[in-house]
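Chain order of the listed sequences is G and S.
Under my numbering, the first residue of the first sequence carries the number 27, and numbering increases by one thereafter.
Under my numbering, the first residue of the second sequence carries the number 482, and numbering increases by one thereafter.
Don't take each hint at face value.
[To be verified] According to the in silico footprint, chain S covers these stretches of chain G (three or more CB under 8 Å from chain S): (1) 38–44; (2) 103–112; (3) 119–133; (4) 145–153; (5) 240–251; (6) 256–262; (7) 271–285.
No lab work stands behind these hints: they were computed from the structure.
In this text, a Cβ means the ideal position worked out from N, Cα and C, and glycines have one as well.
What follows is the residue order along each chain.
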Amino acid sequence: MKKSKKIPSIALISALIFFLYLPLVIMAIFSFNDSTSLSVWEGFSFCWYADLIDNSSMIDAIKVSLSVGIIATFVSVVLGTMTAIGLSKNKKVVRSMLLQANNIPIMNPEIVTAVSLMIFFSFLGMEKGYTTLLLAHIAFCTPVVITNVYPKVKQLDPNLADAAMDLGASPFQALIKVIIPQIKPGIFTGALMSFTMSFDDFIISYFVTGNGVENISIVIYNMTKRTNPSVYALSTIVLVVVLCAVLIGTIVPMMVKKRRRLVRNEQNV
Amino acid sequence: MKHFKKLIGPYCFWLFVLTFVPMLLILFYACVEQGTAITTFSFTLDNFAKFFDPVFVAVLVRSFFIGIVTTVICLLIGYPVAYAITKFKESTQTILILLITFPTWINLLMRTYAWISLLSKKGIINSFLASLGLPVFDLLYTDFAVGIGMVYNFLPFMILPIYTVLSKMDHSLLEASNDLGASPMATFRKITLPLSFSGVLTGITMVFLPAISSFIIPKLLGGGQYTLIGSFIETQFITIGNWHFGSAISLILASLVILAMALMHRLEKYADSSVAGEDR
Chain G
27 MKKSKKIPSI
37 ALISALIFFL
47 YLPLVIMAIF
57 SFNDSTSLSV
67 WEGFSFCWYA
77 DLIDNSSMID
87 AIKVSLSVGI
97 IATFVSVVLG
107 TMTAIGLSKN
117 KKVVRSMLLQ
127 ANNIPIMNPE
137 IVTAVSLMIF
147 FSFLGMEKGY
157 TTLLLAHIAF
167 CTPVVITNVY
177 PKVKQLDPNL
187 ADAAMDLGAS
197 PFQALIKVII
207 PQIKPGIFTG
217 ALMSFTMSFD
227 DFIISYFVTG
237 NGVENISIVI
247 YNMTKRTNPS
257 VYALSTIVLV
267 VVLCAVLIGT
277 IVPMMVKKRR
287 RLVRNEQNV
Chain S
482 MKHFKKLIGP
492 YCFWLFVLTF
502 VPMLLILFYA
512 CVEQGTAITT
522 FSFTLDNFAK
532 FFDPVFVAVL
542 VRSFFIGIVT
552 TVICLLIGYP
562 VAYAITKFKE
572 STQTILILLI
582 TFPTWINLLM
592 RTYAWISLLS
602 KKGIINSFLA
612 SLGLPVFDLL
622 YTDFAVGIGM
632 VYNFLPFMIL
642 PIYTVLSKMD
652 HSLLEASNDL
662 GASPMATFRK
672 ITLPLSFSGV
682 LTGITMVFLP
692 AISSFIIPKL
702 LGGGQYTLIG
712 SFIETQFITI
722 GNWHFGSAIS
732 LILASLVILA
742 MALMHRLEKY
752 ADSSVAGEDR
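Construct the entire structure; sequences and hints are all you get.
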């Protein structure tokens, strides 16, 4: 492709990136603003960061978000992987029925899932709080794990587990030592998606939690009820953390790969 | 191979308890008269009838309107962007996709709240316009603000699936079309577009679904007075406490969405068969 032909593409993508990052940059700048205004600059200050540190509900919310995210991810990975493996061994009718049923929580508008769970918990007389929050998160994470793991299981040679067992492995050993390692990439993506979804979720958490149990999204939601640059300070911190995670997670492996390729080329020469 | 068959048992139970029973409860609440206890309920369709009040129909229409407009704008911006990305070197593509997905890893509430600085009356956009001597607009708490918030939040979910399909496309098809004398426009229309259809449909689903039921974007950028169906359901459950009417609306929303999805699925099958037909 000629350079001149690329100009419209470059212009389009630059405009998009400008659009995507402008609010984030503005937010980061105004998190250091020395007034409650979100749009008029009145000098540099760390006051909103200090405000955030003083806010004890913030620390609790981070703990809740992390622990719910980790436990929900763990449970849904185990449950989802089991189901995905079991599915491939079942009859076609059972398989397609379960897969379709599994689509319901994914396709249902989030708010409908949220209110249905809220009604369900109150119907059972469960007090809204940590337990209901966790159950709801497992409920929306598991289908995602299944949709990520099942295609990998389908790609497997169906005789693999049989071969392992012919060679003397117990079904459990065949599962742990033969099947699981083969579908690891699917499990990993599923786990990553579950954790991100759980950590980010607002709508469902908002409806099913109570009694002072709040995750980060709910705390932010309560903060946005009045004009509050603390939200910007918090968002800027999140921005930096995510940025570091992305840099470590993607750029570094890319650089390592590149360097390895360079080294290999040198050796070939 | 029967050893692992039973592994689906726990999830079947789980799905039944945490998906089916709650949905049945919504149905139950929607069909039951308000103010009655579980033991002494009486069936009614009043909750559904109430929805046909012009005020509520207007909310539904507006939600679908905003959802459709958002989806169309995302498609109009997203498709060319996805297409443009595929024109770059593979390593550049990876970086561009990373740049586009990065904002989605930041909480939706935070991303939305960030727009307040830009859109408010004394905000950045208005100050910029004023400095150019142009008139100042009321941007925040309008349709425009809600629309921009929606497009901003959901655009990456349109670009990604389209990009995935476009980047996996068989280039020999494009070369063949070119060799056979088709113009670039004809090649695009007859090869690229039909083959990317599945990505477009995934993108539409991923944007339309959350856009139609979102209640947080209209709340933050549309102000309190701006009611879409999501905020309407929230009000019924949290503020007013009329779970029966709230359930009826949720049920209507869910059915409409399922209907839309079924329609899309049909469309996808039809598109697939027409592409397959051209191959022959």
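Here is how each hint holds up against the structure:
1. Taking a C-beta to C-beta cut-off of 8 Å, the segment 38–44 of chain G contributes 4 residues in contact with chain S, enough for the three needed, and the coverage statement holds.
2. For a cut-off of 8 Å, the count of residues in the segment 103–112 of chain G with a CB near a CB of chain S stands at 6, and the three-residue condition holds.
3. Against chain S, the segment 119–133 of chain G contributes 7 residues with a C-beta closer than 8 Å to a partner C-beta. That satisfies the three-residue criterion, and the hint holds.
4. Proximity of the segment 145–153 of chain G to chain S, defined as three or more residues with a beta carbon under 8 Å from a beta carbon of that chain, is established by the 3 residues found.
5. Under a criterion of three residues with beta carbons nearer than 8 Å to beta carbons of chain S, the stated coverage of the segment 240–251 of chain G is upheld, 5 such residues being counted.
6. By the rule of at least three residues with a Cβ nearer than 8 Å to a Cβ of chain S, the coverage given for the segment 256–262 of chain G holds, with 4 such residues.
7. With a cut-off of 8 Å between beta carbons, the segment 271–285 of chain G has 3 residues touching chain S; three or more are needed, and the interface restraint holds.
In summary, the structure agrees with every hint in the numbered list given earlier.
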